[in-house]
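All chains should be built: construct the whole structure from the sequences, respecting the hints.
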Amino acid sequence: MADPLELDDFYDLRRIRGVAVSPTGERVAFVVAESDPDADETRTSIFVAPTDGSRKPHRLTRASDAGSAKWGPNGETLAFLASRKRDVALDVGRNDDEDDESSENDDGSQNDGSDDEPKSQVWLFDLSLGGDARQVTEFDEGVREFDFSPDGERMVVAARDPTEEQQEYLDSRRDGGPVEITRLQHKRDGMGFLDDIRSYLFVVDIESRESERLDDAYTRGAMSTGGLHPSWGAGDRIAFRSYRGENPDHTFEQDLYTVSTDGGDLRQLTDSDLGVSNLCWDSTGERVAFDGANPTNTYHPTEVYVVDDVAGAEPRSVSASLDRTRSRGGAPAWVSNDQLLAPIGDDALTRLVRLSAEQDDPERVFENQGTDRTITQFAVGGDCAVVCLSHPSDGADLYTLDTANPDESDPVRLTRLNDDLLSDAALPTCERVHYENGDGTEVEGLAYLPEEFDPDAESYPVIAHIHGGPTAYDAPGFSFDYSYWTGKGYVVFNVNYRGSTSYGRAFSESIRGEWGPREADDIVSGVQELVERGWADADRLFISGFSQGGINTAYVVTRTDMFAAAAPEHGIYDFYSLFGTADLHQWYVHDIGLPWEKPEEYRAISSIDDVDRIDTPLLVTAGGEDWRCPPSQAEQLYVSVRHRGVDAKLVVYPDEHHNIGDPERATHRLHELTEWFETHDPAREDESTEPSSNTE
Numbered sequence: 001m002a003d004p005l006e007l008d009d010f011y012d013l014r015r016i017r018g019v020a021v022s023p024t025g026e027r028v029a030f031v032v033a034e035s036d037p038d039a040d041e042t043r044t045s046i047f048v049a050p051t052d053g054s055r056k057p058h059r060l061t062r063a064s065d066a067g068s069a070k071w072g073p074n075g076e077t078l079a080f081l082a083s084r085k086r087d088v089a090l091d092v093g094r095n096d097d098e099d100d101e102s103s104e105n106d107d108g109s110q111n112d113g114s115d116d117e118p119k120s121q122v123w124l125f126d127l128s129l130g131g132d133a134r135q136v137t138e139f140d141e142g143v144r145e146f147d148f149s150p151d152g153e154r155m156v157v158a159a160r161d162p163t164e165e166q167q168e169y170l171d172s173r174r175d176g177g178p179v180e181i182t183r184l185q186h187k188r189d190g191m192g193f194l195d196d197i198r199s200y201l202f203v204v205d206i207e208s209r210e211s212e213r214l215d216d217a218y219t220r221g222a223m224s225t226g227g228l229h230p231s232w233g234a235g236d237r238i239a240f241r242s243y244r245g246e247n248p249d250h251t252f253e254q255d256l257y258t259v260s261t262d263g264g265d266l267r268q269l270t271d272s273d274l275g276v277s278n279l280c281w282d283s284t285g286e287r288v289a290f291d292g293a294n295p296t297n298t299y300h301p302t303e304v305y306v307v308d309d310v311a312g313a314e315p316r317s318v319s320a321s322l323d324r325t326r327s328r329g330g331a332p333a334w335v336s337n338d339q340l341l342a343p344i345g346d347d348a349l350t351r352l353v354r355l356s357a358e359q360d361d362p363e364r365v366f367e368n369q370g371t372d373r374t375i376t377q378f379a380v381g382g383d384c385a386v387v388c389l390s391h392p393s394d395g396a397d398l399y400t401l402d403t404a405n406p407d408e409s410d411p412v413r414l415t416r417l418n419d420d421l422l423s424d425a426a427l428p429t430c431e432r433v434h435y436e437n438g439d440g441t442e443v444e445g446l447a448y449l450p451e452e453f454d455p456d457a458e459s460y461p462v463i464a465h466i467h468g469g470p471t472a473y474d475a476p477g478f479s480f481d482y483s484y485w486t487g488k489g490y491v492v493f494n495v496n497y498r499g500s501t502s503y504g505r506a507f508s509e510s511i512r513g514e515w516g517p518r519e520a521d522d523i524v525s526g527v528q529e530l531v532e533r534g535w536a537d538a539d540r541l542f543i544s545g546f547s548q549g550g551i552n553t554a555y556v557v558t559r560t561d562m563f564a565a566a567a568p569e570h571g572i573y574d575f576y577s578l579f580g581t582a583d584l585h586q587w588y589v590h591d592i593g594l595p596w597e598k599p600e601e602y603r604a605i606s607s608i609d610d611v612d613r614i615d616t617p618l619l620v621t622a623g624g625e626d627w628r629c630p631p632s633q634a635e636q637l638y639v640s641v642r643h644r645g646v647d648a649k650l651v652v653y654p655d656e657h658h659n660i661g662d663p664e665r666a667t668h669r670l671h672e673l674t675e676w677f678e679t680h681d682p683a684r685e686d687e688s689t690e691p692s693s694n695t696e
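Residue numbers (the UniProt record's numbering): 1 to 696.
Since the hints were made in silico from the structure, they are not lab data. For clarity, every value in this text was computed on a predicted model and none was experimentally measured. We put the beta carbon where it would ideally sit given N, CA and C, even for glycine. Each hint should be verified, as a subset may be incorrect.
[Unchecked claim] What follows is a list of derived Cβ distance ranges for each label pair:
| no. | residue 1 | residue 2 | range |
| --- | --- | --- | --- |
| 1 | D561 | E246 | 46 to 52 angstroms |
| 2 | E431 | K56 | 32 to 38 angstroms |
| 3 | G190 | E164 | 24 to 30 angstroms |
| 4 | N74 | N337 | 18 to 24 angstroms |
| 5 | G624 | G226 | 21 to 27 angstroms |
| 6 | E442 | T182 | 45 to 51 angstroms |
| 7 | E458 | P37 | 35 to 41 angstroms |
| 8 | G190 | G130 | 35 to 41 angstroms |
| 9 | G130 | R267 | 37 to 43 angstroms |
See the structure below:
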């Protein structure tokens with residue numbers, strides 16, 4: 001019998017974070033995240049491999065974290081973003097410019113007007129020559145995005161460009177000075193309080209490193225922190241996104257613009273009715289494909305659009321008839337002048353579709369994928385597509401597909417990143433569970449089953465783990481957490497409740513403006529289905545979820561006491577008091593309205609108003625600097641149930657945003673959840689596990 005995973009095995013896990021295929025399709029570069037136990041940090045490195053599987057991947061970067069890899073047009077240069085120390089080649093020898101403002105201070109540090117930490121810059125490998133990467137950019141506030149020119153001699157980069165007055169303000173803030181804000185979008189999770197500084201596009205000569213700002217290409221609006229998404233086309237024009245309408249912080253709209261490389265001839269190609277992203281030129285430089293989201297309705301599927309680079313042109317959706325949303329697994333990619341490939345969310349699976357650039361005539365492809373594994377990364381180069389396929393019992397690895405005939409042959413496996421960790425581990429199988437909820441609507445769940453699962457011999461403890469979003473979906477794939485839990489004998493159950501994407505607009509939109517009751521019905525009905533099948537022990541049911549999953553977890557336990565213990569993580573429990581303290585308040589306005597105009601609606605979706613119904617022991621977690629679901633929400637729920645005498649525990653991770661980033665905290669979280677469930681497992685009452693000490 002295989003050995004179950006242990007908590008410390010997490011430190012040996014390698015995860016793929018990004019993929020880029022060379023223009024010829026011969027090589028793939030990909031980013032791998034690994035744990036550094038001594039520093040308690042996640043490190044990222046770039047690996048390169050041939051796409052025919054003829055050689056194992058080799059680690060290209062070793063000096064520091066690296067990401068956002070992108071190939072140059074010749075397939076021999078590879079650029080990436082990294083916050084490295086300054087390139088030594090820029091400092092050796094004499095400087096002819098005695099008035100250089102970037103000269104060293106007396107202590108040897110660079111006088112660049114910013115703080116001491118290295119900023120993210122563009123670095124470039126010439127793989128034909130070998131050796132280390134060289135630094136291409138040196139912007140005081142760092143570089144956030146970039147793309148190559150068609151000839152590979154220049155780049156377009158996106159960088160913040162403060163005025164002198166704004167720089168003085170930034171310096172003051174970094175020295176502990178006051179935060180001053182006049183804009184409506186006042187904060188963003190992971191960034192904290194925002195400022196008014198714009199990011200601009202700059203054209204950078206790679207050899208000389210000289211740059212020129214494109215004055216009309218800048219960020220604006222509530223979604224400006226998401227970047228400009230620059231893309232340089234073959235016609236020597238640059239596409240980017242921005243918003244130039246009134247009240248930019250009142251909307252999620254982002255329009256598509258193109259501009260000439262000298263900064264002239266600005267064209268607006270969309271009409272402020274979409275939130276555009278993932279811009280991609282065709283090979284002629286005459287058309288742009290992009291993702292278009294409904295800026296006022298997050299439940300509406302994000303679609304792929306194509307538009308001609310002509311002022312006044314009408315963008316056309318080429319995926320609307322699917323009634324399926326674009327997946328976050330990768331951007332749409334041109335595979336010829338009239339066709340694209342794109343990943344979509346389709347019935348609890350991320351899969352590929354082929355799209356016509358001329359009409360809405362999508363075709364599902366790569367049937368060899370099956371329904372037991374999902375795509376988490378996707379990129380195209382030449383005639384080659386590379387996908388990361390994630391499987392519950394086989395990890396997540398890269399595979400090559402032929403873009404012309406992805407169904408003609410089996411994909412070529414390129415990596416086995418975690419074979420040493422997983423080859424002898426007890427890993428789950430995943431089974432789809434279809435059932436009817438209380439309204440008679442069919443709902444789908446995913447059950448991760450222990451390796452020796454035998455419902456005829458015994459029933460099992462179940463952890464219902466609820467996804468966030470709500471506009472997201474669970475798909476079968478590898479999860480360290482789920483593998484750890486199934487190794488301990490649990491069945492882990494995901495529910496794609498109403499509100500989830502991948503089942504069409506009507507299914508997702510059914511919860512709009514009224515969160516809680518439908519999701520709770522779907523979750524409870526799903527767990528009851530497992531009990532009726534004999535898979536689940538009705539006395540050993542547990543529930544947890546992160547973000548919207550935490551919101552749903554708290555709401556569920558106000559409606560039922562079927563769960564022996566619950567763990568709402570990083571959630572929201574009082575939407576009325578939340579308003580103005582989190583970063584997505586505009587979403588709530590679109591979905592529900594303003595709280596002083598719709599107080600009853602805000603109260604109805606807040607589990608804190610029904611806290612007198614909660615008798616389930618609660619483990620409540622939060623990030624100390626989570627500006628999506630602020631920690632005060634966790635405090636309110638915890639203090640409220642403790643006043644009622646409910647067994648509860650609060651865990652707050654200082655300095656953490658709306659995630660659990662560091663390896664030690666990731667393993668601590670998993671340990672806390674597991675211990676909470678074990679402590680409150682009726683089957684373990686006679687064991688030595690001590691109950692929490694706060695049940696007075």
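E431 paired with K56, Cβ distance criterion 32 to 38 angstroms: holds, 33 angstroms
Range hint 37 to 43 angstroms (beta carbons of G130 and R267) holds or violated: holds, 42 angstroms
Distance restraint hint 24 to 30 angstroms, applied to the beta-carbon atoms of G190 and E164: Holds - the Cβ-Cβ distance for G190 and E164, about 27 angstroms, lies within 24 to 30 angstroms.
35 to 41 angstroms as the expected CB spacing between P37 and E458, which holds or is violated: Holds, at about 37 angstroms.
Cβ separation of N74 and N337, checked against the hinted range 18 to 24 angstroms: holds, 21 angstroms
Distance restraint evaluation - G624, G226, Cβ atoms, bounds 21 to 27 angstroms: holds, 24 angstroms
Verdict for E442, T182 (Cβ pair) under range 45 to 51 angstroms: holds, 50 angstroms
Consistency of beta-carbon spacing, G130 to G190, with hint 35 to 41 angstroms: For G130 against G190, whose Cβ atoms are near 36 angstroms apart, the range 35 to 41 angstroms holds.
Status of the given 46 to 52 angstroms range, CB of E246 versus CB of D561: Check passed, 50 angstroms falls within 46 to 52 angstroms.
Consistency note: the structure conflicts with none of the earlier hints.
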